[in-house]
Amino acid sequence: MIEGLNRPFSVVVAVAAGILWTGAAGAQTAPDELDYSEYAIEASLTGEDGAVASGREIFADRSRGNCVACHVNSEMPEADFQGNVGPSIDGVGDRWQPEQLRAIVSDAKKIFGDQTIMPAFYSLDVGINVREDLKGKTILTAQEVEDVVAYLSTLKEEQ
Amino acid sequence: MRTPGILAAAALALAMGATSLVFAEPADEELVIDGEIEMQTRVEAAEDHPFDEVISGWHYRTEETRALEADSFANPGMLYVEEGEEIWNTVEGSQGKSCASCHDDAAESMAGVGASYPKWNEEAGKPFNIELQINACREQNMGAEPYKFDAPQQKALTTFIKHQSLGEPVDIDLEAGEMQSWWDRGEDLYYTRTGQLDLACATCHEGYNGQYIRADHLSQGNANGFPTYRLKQANMVSLHNRFRGCIRDTRAEFPDAFSDELMALEVYVTWRGEGLSVETPAVRQ
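As they're listed, the protein sequences go chains A and X. According to the working numbering, the first sequence is numbered sequentially starting from 1. According to the working numbering, the second sequence is numbered sequentially starting from 1.
Do not take every clue at face value.
Claimed, not checked - Not everything, but these chain X residues come out facing chain A in the computed CB check (under 10 Å):
(1) Ala45
(2) Ala46
(3) Glu47
(4) Met142
(5) Thr194
(6) Leu197
(7) Thr203
(8) Gln211
(9) Thr250
(10) Phe254
(11) Pro255
(12) Ala257
(13) Ser259
To be verified - Computed spacing ranges between beta-carbons, pair by pair:
(14) X:Glu30 to A:Ile128: 38 to 46 Å
(15) A:Ile128 to X:Glu175: 52 to 60 Å
(16) A:Asp32 to X:Glu82: 52 to 60 Å
(17) X:Phe149 to A:Glu42: 50 to 58 Å
(18) A:Glu38 to X:Ala67: 23 to 31 Å
(19) X:Gly125 to A:Glu42: 51 to 59 Å
(20) A:Ala79 to X:Ala27: 37 to 45 Å
(21) A:Lys135 to X:Ile37: 28 to 36 Å
(22) X:Asp52 to A:Glu78: 52 to 60 Å
(23) A:Asp133 to X:Asn141: 37 to 45 Å
(24) X:Ala67 to A:Pro77: 50 to 58 Å
(25) X:Thr62 to A:Pro77: 20 to 28 Å
(26) X:Glu53 to A:Ile128: 56 to 64 Å
(27) X:Pro50 to A:Ser37: 27 to 35 Å
Simulated from the structure, these hints should not be mistaken for laboratory data. Note that the coordinates shown come from a computational prediction; the quantities given were computed from them, not determined experimentally. Beta carbons are placed, not taken as given, at the ideal position from N, Cα and C, and that holds for glycine.
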């Protein structure tokens, strides 16, 4: 299951209070603490580097990122049925800095506007009637966001 | 295509430095069932409609799936039409009646009826779809138990009744009773984002129809083919089942079938597909 589903109640309280999350993985920046004013998030959400291999798994995993549902990714030809609702992910590491990718993955609406179809993977500002067991939870954990950002940053076409 | 979603997509493409967006256009073909019944599957939209052209989901399916619907011997949904015909003629309940006892030959009495639903029901003070009308008939006239949601008999009989309007253009009466306020509520719901994935009906079916989300080729989400035979489920799927499935997929709690929310949504979504032929039983992925 998704790691984020197991967060203790105290963490949810911490979010409401707008202070640092202190989950099992160590200090995390809470979703509502993120500063999007520069269209980029400078610091790692966990203070740790992301893991590329894990990010690649999350990208394809239907129950976590499921990024391939909407994005073509030719680095991952084994993933079936790559969608085209979003732009191709090829070369995304050339077009965006990791800090920008972190902001886009966390909450794309802050970058592309409210109308974008892209879900916010690290935000609690989502739709109404969220499924009971997912209330107060983000789609990805802070570390999973970092892992995806690390993976995306490797997707470069320009040498 | 003049929706905010498409503008956002274009902005996104520009922002991402993409040179072109790949649009998988709906198939440019005509649906003629059994070489006889010419179906309206692309019609000009009314002036106040969000689209310029209303397009049946048939155009968004593969060649094989489209062929299944064009041939009533190959269409698996026709088995349910036959089953529905049997139910139509079967006596049930304390009053010793079948549907046919009052309505005789459905080919005559039900011709065009399915194309005009949902319809205002004064007694209930809300719109009725075919399923609710069947249940009201069973309780009030037959002395029979109402069908539970998605009971096989409910799906078969609804499919049979709607099939009597095959080829007729969808045309509902929004002037009757309080239909307009239900339409308004349905419109609100259509544009309301739900769930952890934060998606509204409009996000996908208005902003991105023609595109692929994983293996799903997004259509305009019209209701003219329901109940529809879904190959994925190898079964008939009712409209409210599909509504609930879509809302569930946004990771949201979803309303009960035939609840006021989903009846309002049915009124609105059916209106969006006005002019398209009733295709029941349509065949979809």
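*Distance restraint hint 52 to 60 Å, applied to the beta-carbon atoms of Asp52 of chain X and Glu78 of chain A*: violated, 39 Å
*Tell me if Gln211 of chain X is really an interface residue toward chain A, meaning its C-beta lies closer than 10 Å to one of theirs.*
holds, 5 Å
*Status of the hint placing Pro255 of chain X at chain A (closest C-beta pair under 10 Å)*: This interface hint holds because 9 Å falls under the 10 Å limit.
*Go through the hint on Ala257 of chain X and say holds or violated, using the shortest Cβ distance to chain A against 10 Å.*
violated, 16 Å
*asked:* Quick check on a hinted range of 27 to 35 Å for Pro50 of chain X and Ser37 of chain A, using CB atoms only.
replied: holds, 34 Å
*Under 10 Å, Cβ to Cβ, is where Glu47 of chain X needs to be relative to chain A, so tell me if that hint holds or is violated.*
Violated, because the Cβ-Cβ distance from Glu47 of chain X to chain A comes to roughly 23 Å (cut-off 10 Å).
_Quick check: does the Cβ-Cβ distance between Glu30 of chain X and Ile128 of chain A fall within 38 to 46 Å?_
Since the Cβ atoms of Glu30 of chain X and Ile128 of chain A sit about 41 Å apart, the hinted range of 38 to 46 Å holds.
*asked:* A range of 28 to 36 Å was offered for this pair. Does it hold for the Cβ distance of Lys135 of chain A and Ile37 of chain X?
replied: Once the Cβ atoms are compared, 49 Å apart, the range 28 to 36 Å for Ile37 of chain X and Lys135 of chain A is violated.
*Taking the closest Cβ pair, is Ala46 of chain X under 10 Å from chain A?*
violated, 24 Å
*Hey, does the Thr203 of chain X contact hint survive, CB to chain A under 10 Å?*
With a closest approach of 5 Å, the Thr203 of chain X hint holds.
_Does the closest beta carbon of chain A sit nearer than 10 Å to the beta carbon of Ala45 of chain X?_
At about 21 Å, which exceeds the 10 Å cut-off, the nearest Cβ of chain A leaves the hint on Ala45 of chain X violated.
*Hint check: is the beta carbon of Thr250 of chain X less than 10 Å from a beta carbon of chain A?*
OK, holds: Thr250 of chain X within 10 Å of chain A, min 6 Å.
Checked against the numbered hints listed earlier, the structure breaks hints 1, 2, 3, 4, 12, 13, 15, 18, 20, 21, 22, 24, 26; every other hint is satisfied.
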